[in-house]
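Engineer: Sequence:
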Amino acid sequence: MHPLLQEMGRAIIFQEFLEKPRKRSRLWFQEDVVYALKKNTGTEAILSLKLDFSVGDWFEAHAFKKMKRLRLLQLDHIQLGGDYGHISKQLRWICWRGFPYKCIPKNFHLENVIAIDFKHSRLRLVWQQRVVLEQLKFLNLSHSKFLRETPDFSGLPSLEQLILKDCPTLCKVHPSIGDLSNILVINLKDCTSLSYLPKEIDKLRSLKILILSGCSKLRPLVKI
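Under UniProt numbering, the sequence shown has 124 at position 124, and the numbering climbs by one with no breaks.
Calculated from the structure, these hints are not laboratory results. Just so you know, even glycine gets a beta-carbon here, dropped at the ideal spot from N, CA and C. Check before you lean on any hint, since a few could be wrong.
What follows is a set of in silico ranges between Cβ atoms, one per label pair, in the way DEER data are often shown [to be verified]:
id	residue 1	residue 2	range
1	N112	S181	14 to 24 Å
2	Q129	S193	21 to 31 Å
3	E149	P105	39 to 49 Å
4	T192	R122	17 to 27 Å
Lysine-lysine pairs mimicking DSS-like chemistry, simulated, CA-CA at most 27 Å apart [to be verified]:
id	residue 1	residue 2
5	K119	K68
6	K119	K208
7	K189	K145
Go ahead and model the full structure; you've got the sequences and the hints to work with.
Structural biologist: Next comes the structure, spelled out in structure tokens:
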């Protein structure tokens with residue numbers, strides 16, 4: 001969306017609910033978001049929430065309990081404690097720059113998510129076990145300095161774009177990458193610890209773009 005259209009949308013929403021900020025469908029203004037999360041005043045009216053902090057701040061997942069229709073969640077270096085099961089099962093798009101945990105909690109309901117953008121995360125593993133996210137089309141874990149291996153891809157049948165740029169400790173790509181029958185783009189640029197790709201990657205008939213520049217340890221894939 002063009003930035004001007006975004007600003008126009010914000011202005012319209014702000015004017016419409018000037019006296020009742022907690023009833024807006026979009027919470028984008030920092031003071032309103034912080035108030036809603038600290039005071040647990042979120043409602044079912046909220047469809048999208050955005051909170052950008054330059055330094056980490058702490059909130060409780062319980063604050064999302066009433067936001068049952070939340071579709072879009074954008075956070076920047078936010079610490080979120082408690083039960084992630086309180087976060088809406090209707091999420092479609094989540095961007096969490098600087099995701100603070102070693103793996104994504106298993107009770108974080110992402111079954112309906114189309115896009116996950118966790119750039120600059122502290123992930124070591126994406127999930128502790130195989131997950132099924134049939135709607136997921138876009139996964140971006142770029143600049144995740146501690147990520148050591150990719151997830152099992154067998155439960156991500158719709159994935160089209162996999163972005164793992166500048167993950168310097170990434171050393172293992174799961175062989176189930178060969179199951180990604182809809183994948184169009186794989187970006188592994190500057191994954192400097194990656195020494196090999198599984199032979200299953202040769203199965204990817206839909207793949208249009210494979211970026212491996214900067215993978216200084218990568219050995220050539222030998223076709224048999």
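Engineer: Next, verify each hint and record whether it holds.
Structural biologist: Quick rundown of the hints versus the structure:
Evaluation of the 14 to 24 Å hint for N112 and S181 yields a pass: the beta carbon distance comes to about 21 Å. Between Q129 and S193 the CB atoms are about 24 Å apart, so this pair conforms to the stated range of 21 to 31 Å. Checked against the hint of 39 to 49 Å, the C-beta distance between E149 and P105 comes to roughly 18 Å, which is inconsistent with it. Look at T192 against R122: about 18 Å separates their beta carbons, and that is inside 17 to 27 Å.
Between the alpha carbons of K119 and K68 the distance comes to roughly 25 Å, so the proposed pair stays at or under 27 Å and holds. The straight-line distance between the Cα atoms of K119 and K208 is roughly 23 Å, inside the 27 Å bound, and the hint therefore holds. Between K189 and K145 the alpha-carbon distance is near 13 Å, which keeps this suggested pair within the 27 Å criterion.
Going through the hint list in order, the structure does not satisfy hint 3, though it satisfies all others.
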